[in-house]
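Novice: Quick mapping for you: the protein sequence lines, in order, are chains L and A. Taking the numbering used here, the leading residue of the first sequence gets 1, the next gets one more, and so forth. Taking the numbering used here, the leading residue of the second sequence gets 1, the next gets one more, and so forth.
For the record, the hints were derived by calculation from the structure and aren't laboratory data. In this text the structure is predicted, and so the values were computed from the model without any measurement. Backbone N, C-alpha and C fix where the C-beta goes; we use that ideal spot for every residue, glycine too. Take the hints with a grain of salt, since some may be wrong.
As the list claims (entries may be wrong) - Pairs of lysine to aspartate or glutamate, DMTMM-like flavour, derived with a Cα cap of 25 Å:
1) Lys-185/L - Asp-109/A
2) Lys-128/A - Glu-110/A
3) Lys-73/L - Glu-71/A
4) Lys-129/L - Glu-110/A
5) Lys-39/L - Glu-181/A
6) Lys-129/L - Asp-18/A
7) Lys-73/L - Glu-63/A
8) Lys-129/L - Asp-109/A
9) Lys-129/L - Asp-98/L
10) Lys-39/L - Glu-71/A
11) Lys-73/L - Asp-220/L
12) Lys-156/A - Asp-126/A
13) Lys-156/A - Asp-18/A
14) Lys-73/L - Asp-40/A
15) Lys-129/L - Glu-83/L
16) Lys-128/A - Glu-181/A
17) Lys-73/L - Asp-18/A
18) Lys-73/L - Glu-83/L
Stated by the list, open to error - A few chain A positions that, by computed beta-carbon distances, are all more than 12 Å from chain L:
19) Leu-6
20) Tyr-137
21) Ile-213
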Amino acid sequence: MIAPDWLSVIARTLGGTILDVLPIIFILGFFQLVVLRQKIPNPGRMIAGFAYVVIGLALFLIGLEQALFPLGKELARQLTDPEFLGLGRVGGPLAWGDYYWVYIFAAAIGFATTIAEPALIAVSIKAGKVSGGTIGPWGLRLAVAAGVAISLAVGSFRIVTGTPLYLYMIAGYFLVIVQTFFAPKLIVPLAYDSGGVTTSTVTVPLVAALGLGLASTVPDRSPLLDGFGLIALASLFPMITVMGYAQITAWLSARRPRSIDRQRQRQDPER
Amino acid sequence: MMRGALSMIRLVGGTARDLAPIVVIVAFFQLVVIQQPFADLTRIAFGLLFVMVGLAVFIQGLEMALFPVGEALAGAFARKGSVVWLLLFSFGLGFGTTIAEPALIAVTDEAAVAMASAGAIANADDAKAGYALALRYTVAVAVGLSLVIGVVRILKGWPIHWLIISGYGLVVALTAFAPAEIIGIAYDSGGVTTSTITVPLVTALGVGLATVIRGRNPLIDGFGLIAFASLGPIIFVLFFGIVS
Numbered sequence: 001m002i003a004p005d006w007l008s009v010i011a012r013t014l015g016g017t018i019l020d021v022l023p024i025i026f027i028l029g030f031f032q033l034v035v036l037r038q039k040i041p042n043p044g045r046m047i048a049g050f051a052y053v054v055i056g057l058a059l060f061l062i063g064l065e066q067a068l069f070p071l072g073k074e075l076a077r078q079l080t081d082p083e084f085l086g087l088g089r090v091g092g093p094l095a096w097g098d099y100y101w102v103y104i105f106a107a108a109i110g111f112a113t114t115i116a117e118p119a120l121i122a123v124s125i126k127a128g129k130v131s132g133g134t135i136g137p138w139g140l141r142l143a144v145a146a147g148v149a150i151s152l153a154v155g156s157f158r159i160v161t162g163t164p165l166y167l168y169m170i171a172g173y174f175l176v177i178v179q180t181f182f183a184p185k186l187i188v189p190l191a192y193d194s195g196g197v198t199t200s201t202v203t204v205p206l207v208a209a210l211g212l213g214l215a216s217t218v219p220d221r222s223p224l225l226d227g228f229g230l231i232a233l234a235s236l237f238p239m240i241t242v243m244g245y246a247q248i249t250a251w252l253s254a255r256r257p258r259s260i261d262r263q264r265q266r267q268d269p270e271r
Numbered sequence: 001m002m003r004g005a006l007s008m009i010r011l012v013g014g015t016a017r018d019l020a021p022i023v024v025i026v027a028f029f030q031l032v033v034i035q036q037p038f039a040d041l042t043r044i045a046f047g048l049l050f051v052m053v054g055l056a057v058f059i060q061g062l063e064m065a066l067f068p069v070g071e072a073l074a075g076a077f078a079r080k081g082s083v084v085w086l087l088l089f090s091f092g093l094g095f096g097t098t099i100a101e102p103a104l105i106a107v108t109d110e111a112a113v114a115m116a117s118a119g120a121i122a123n124a125d126d127a128k129a130g131y132a133l134a135l136r137y138t139v140a141v142a143v144g145l146s147l148v149i150g151v152v153r154i155l156k157g158w159p160i161h162w163l164i165i166s167g168y169g170l171v172v173a174l175t176a177f178a179p180a181e182i183i184g185i186a187y188d189s190g191g192v193t194t195s196t197i198t199v200p201l202v203t204a205l206g207v208g209l210a211t212v213i214r215g216r217n218p219l220i221d222g223f224g225l226i227a228f229a230s231l232g233p234i235i236f237v238l239f240f241g242i243v244s
């Protein structure tokens, strides 16, 4: 009974993903064969790899669209519903504190979707390898996810209170600039990158649903003008948390050798 | 063959850990906060299985194709020693992956409708289509040029923070002058341009370049291309909004 429905969805998504990959294949092929005039090394493995990328991404998107997006969007709609928030019972205008479930949900869903973001997984694998393991893939992913969580909670608060976006942006960028000069140098480019990586396949649709729900529930908000602020903040805060993560680990590891030295001194009093 | 199947199973199992937070949070809000049962549990279970297997297969493909291709190209361009071709490639990669991006097409169409209803452009189909197309080309050119600037930075070893900080300074300044309707679209376009396939490829290219060029550190100089690619479109679209 569900089979025909699924088949058409699979065909459509697979087609879309292939269309996504085609320009990349075309450009890669052109430069590899015409400009660089090189044979493709290990072509069988390469073709299989691209097939894996297309099929994997298509399956991933189908699963999201069939199961997780409808659930997440429905949750966002219900949590921003005035009736659920108690407007039906009290009858008065809502204070910003009445939306507390929205902030908690926004933070939780931002954190969870970022952990599953394929582009972020890719970058953190690469960063783990390049740094020789000093930047752990999980540390980076958790730091970015925390950043998105904070940004969505703050962004929802902003929509509810109606405070102007640029205040948050300017304060955030000021913090980014200050951190840039104090954070370990190795992390800075990676932190900047993580701002762009977060707003991708998984996060954007859910964030858009949340923003739209909120903007249409709170009086005097425009979905067009207020909804987008969430994405803008979601690419700002991960920079802060990733640099913060590096600052904390650097601070911790600066303390650790000293305590080891002390231990050694205790064991070996002659030194 | 057996080993391949085993490692695949392990990979799928690993993605369960990636998805556990989503499952826990959605279940908590559905059952505890909203207090409603799940509508269609089989559909959700199947969907989750698709997501897990899909993620595992994608990561496998990443290691087999996208990472090696990016690194191989970086090495080949460095050996060829032609900066012009490298920059043309960077522009082509940014422009080519962006112009056909479905998410971008959706955003620009939406933008045209919003501008027409705000009275900024004529409310006719061809005017809207023209506006959407112009905006799409603006974003694609912006991504291409951003990657070119990012690659030049790697070649020259410029410190990234001056470029990015002044870029965001420009964004804040332009936001003050740009028409209100375009601001949201500008920030959105910065997000939609860095797709899941482009990110690993571009990252591998940057890290590969920084690895083969003497005196560059892959961690300090290799990363940062994504940051340029998501900053450039915001600046260009804000400009576009002010000029048009």
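Novice: The structure should be examined with respect to each hint, and the outcome stated for every one.
Specialist: Comparing the hints with the structure gives:
no.: 1; hint: Lys-185/L - Asp-109/A; verdict: violated, 41 Å
no.: 2; hint: Lys-128/A - Glu-110/A; verdict: holds, 10 Å
no.: 3; hint: Lys-73/L - Glu-71/A; verdict: violated, 39 Å
no.: 4; hint: Lys-129/L - Glu-110/A; verdict: violated, 40 Å
no.: 5; hint: Lys-39/L - Glu-181/A; verdict: violated, 49 Å
no.: 6; hint: Lys-129/L - Asp-18/A; verdict: holds, 19 Å
no.: 7; hint: Lys-73/L - Glu-63/A; verdict: violated, 33 Å
no.: 8; hint: Lys-129/L - Asp-109/A; verdict: violated, 40 Å
no.: 9; hint: Lys-129/L - Asp-98/L; verdict: violated, 46 Å
no.: 10; hint: Lys-39/L - Glu-71/A; verdict: holds, 15 Å
no.: 11; hint: Lys-73/L - Asp-220/L; verdict: holds, 22 Å
no.: 12; hint: Lys-156/A - Asp-126/A; verdict: violated, 45 Å
no.: 13; hint: Lys-156/A - Asp-18/A; verdict: violated, 38 Å
no.: 14; hint: Lys-73/L - Asp-40/A; verdict: holds, 15 Å
no.: 15; hint: Lys-129/L - Glu-83/L; verdict: violated, 50 Å
no.: 16; hint: Lys-128/A - Glu-181/A; verdict: holds, 15 Å
no.: 17; hint: Lys-73/L - Asp-18/A; verdict: holds, 20 Å
no.: 18; hint: Lys-73/L - Glu-83/L; verdict: holds, 17 Å
no.: 19; hint: Leu-6; verdict: holds, 17 Å
no.: 20; hint: Tyr-137; verdict: holds, 15 Å
no.: 21; hint: Ile-213; verdict: holds, 14 Å
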